[in-house]
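Following the hints, complete the assembly by docking chain B onto the known chain A.
What follows is the residue order along each chain.
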Amino acid sequence: MGRYILQRLIQAVPILALVSLISFSIMQLVPGDAATLIGGPSATPAELQAIRENLGLDKPFHVQLLKFYAGALQGDLGRSLLLGKPVLEATIERLPVTISISIYAMILTLFFGILAGVIAALRQNTWVDQTVMTFALLGVSIPNFWLGLMMIVLFAVHLGWLPSGGYIPWQTDLWGWFRTTTLAAVSLAVLQMGLLARITRSTMLEVLRQDYIRTAKAKGLPKHLIVGKHAMANVMIPVVTIIGIILSVLISGSVVIEAIFSIPGVGSLLGNAILRRDYPMIQGGLLFVAGSLMLMNIVVDVLYVYLDPRVRYDRGK
Amino acid sequence: MTEASSNIGYAPELDETPPQPWAFWRTDTFQRLIRHRAFMVGAVLFAIVALVGALAPLITSVDPNALSIRNKFKPPSWEYPFGTDNFGRSQLSRVVYGARLSLGIGLGVLVLNAVFGVLLGAAAGYVRKLDGPLMRVADAFMAFPAILLAIGIAAALGPSSMTAVIAISVVYIPRTARIVRASVLVVREMEFVQAALASGATHYRIVRKHVLPNCMAPLIVQLSFIFAYAVLTEAVLSFLGLGAAPPAPTWGNIIAEGRTYMREAEWITLIPGIVLAVTVLSLNLLGDGLRDVLDPRLKVQQG
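Line by line, the protein sequences are chains A and B.
If you use the numbering used here, the first sequence corresponds to residues 1 to 317, in order.
If you use the numbering used here, the second sequence corresponds to residues 1 to 303, in order.
If we strip away everything but chain B, and leave its shape as in the complex, we get:
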């Protein structure tokens, strides 16, 4: 950094050797993450859930939608480890395949948030003229209670997994954009950015090579919490009949279907709820760990 700034104006190659936070956090931060106990517990738990979802056909050979009326309302046993529901469907299959849908929707929300949150946040933070209007729009979206807005949008679009992804993303993108913008505002004023500007780098290059890499830490922390919110919100949407349409096995759907038979077959509702809670817990632990290591200033997350 000192060497670089003393060469301003003479060193067009300055642009070729920007400070490389990516390379740094690969090594040092990675070590600290591995030593962070809560992070590792979260990472392992989440990896298990994700693997179970990914390898669903290997874990159970039973179709999650296969009906077997003869076997309805079987409590958990060797044959049916998680019991069966009112149609005699294997709850193990449904919960395992549910991991695919629930995590898949969470992942979709994560990707949309990363893409649009970064685009809009960088635009607001870097282009002064866009800052005011974009942030007012973000304020307006954030004036709605998060889950309520998602419910409203999903109600209009009609139930499907795609609806869930869009509805939840619309709610959280303004929040992500705000966080990206806040870091861009800080980084934009830093000397190395000014130096790059002075040495003739284009704005596009500055944003891509200098500004954004330095905004990664709070973004990654935010995204891990968004994943957790997305999985929870998806369950609420499914529970209300606004997520993936039944008989698709999402955890929210299974809980909603089990609700009618709660008195005689509580395992139908109990098990997917526990799995859901463990998944969200693992993501919260992951997020806490990432925050401690990457961005200790970020203490209060926005809800």
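Same shape as in the complex, but just chain A:
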């Protein structure tokens, strides 16, 4: 096992190097002079020169790139122009907010997505199945930022049940956190729920046709045990594989969703950086997010072994 984890980490190194290259190259895509864009039309030539020197834009590409790599290896992802502090520090400061909402959205996704998929599979081809799957398809098709806006209109403006934005940390007020994050978490979760419900349904249908389920039925086991214990064990396997994808989509979504609900997380940090052309923040933030997701995917693959005893990474390698 240890060997497998090590192997995965080593394989991740060249990809991470490429990921850094891509993040770094984003600033090179800026048409014309990045310094002029950052400084604005009123910047004097001296100010522009200062920006160039500050960002290292006056140096050749490979020197800039090597500096970026050297920095990244030491945990220095650059310095945000807007906030005047290191990108890593700014990101980590806001991380708890985004993580708490992502976990909330993840729980909603897993619970309702799997539940809907299982119910649809058990009632295959009935109106229950069709209704659940229609909703799942709608969930996959509705743009989450629009759903967020519509929920603000309904639940905050018309009904007044929930605040339309803002954020209360869970450490200070759990109920307040719950009230401020629910709409955001639901907007983030709906797409994934639909995806997960569709996958769970088709996997469950496949599993239910297998011999060991028939044997369990023949033994006279109660249905809730067959489904809940025997079938679910195998249904969970593909679900675990897509957890990485779900996380990735949640993080993507947080850029827009956090902006809509005025939540001070990593998403809105990146969103602001994009609007205000804070390129070091965009570069560093992208690298941070991609790197963390790669690590998460390795963790998920390791978890896989515990869920599926058939998978043994050590053997034969």
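Don't take each hint at face value.
A short, non-exhaustive set of chain B residues, derived as facing chain A with CB atoms under 8 Å [as the list claims (entries may be wrong)]: (1) Ala50; (2) Ala54; (3) Leu55; (4) Leu134; (5) Val137; (6) Leu148; (7) Gly158.
For the record, the hints were derived by calculation from the structure and aren't laboratory data.
Here a beta-carbon is modelled for each residue, glycine too, at the ideal position from N, C-alpha and C.
Using the frame of chain A, we list chain B on its own:
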């Protein structure tokens, strides 16, 4: 196939009569698609949206950017079926012309994905030496959350429709290439390809005539989902001010502009969102249908 393989070495004309999946799926598969209910619902819905976009000038004579401050914030009525916005612009015109831009950008992404996805996927799948490097690069692109990478690229390039097409394509081409590569790897080892090779066909000919036609099914399925993602991602980019620059009427732009007036004029945001969702829904239905009929093995799509 049996006849062909028994003639290996003697039959240079083997190359002239390759298995023709194209001809087959024109007939049999087409029939199955027509009988697939979800596919037909998606096809009809999508056709309606596409037609409305294509025939925009016939549907409404009002310029989507014509200002009429006197008529601002009119709720939906006979004169303004979708209401008006803060500048008194007809929302019907804006949503209808928005279909042109939004679908046009989706189409651009689709074409770039088809071209580069096939080129890179075929190169990686057919040329062993290129496989490793190309796939590592694809892995690196896919390590980024899709929409986030598109946002980053669009932020650098500056807002325009072209930016949206490029940013979204860059994100999805590695995914398309991976799917093409996977099928090429399978087809490459098949007997008829070996037979063609033995009978002296060039690699170019083998890839073009034998390998690629047999990779079409998963590619077409993938492209229909990419169209759906592209339309959604374009809306996100426009919403963030990174797509086609306002006042161009894309659905994302209209939603973003309506956001400020959500409390007093929710129709500005509501209607383009519904149209957007219906469009994406129709593409998902189309994709599901194509997958069921063309490529039943492909169950889990990558996000």
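Right, here's what the structure says about each hint:
{"no.": "1", "hint": "Ala50", "result": "violated (16 Å)"}
{"no.": "2", "hint": "Ala54", "result": "violated (22 Å)"}
{"no.": "3", "hint": "Leu55", "result": "violated (24 Å)"}
{"no.": "4", "hint": "Leu134", "result": "violated (12 Å)"}
{"no.": "5", "hint": "Val137", "result": "holds (6 Å)"}
{"no.": "6", "hint": "Leu148", "result": "holds (5 Å)"}
{"no.": "7", "hint": "Gly158", "result": "holds (6 Å)"}
Hint violations for this structure: numbers 1, 2, 3, 4, all remaining hints satisfied.
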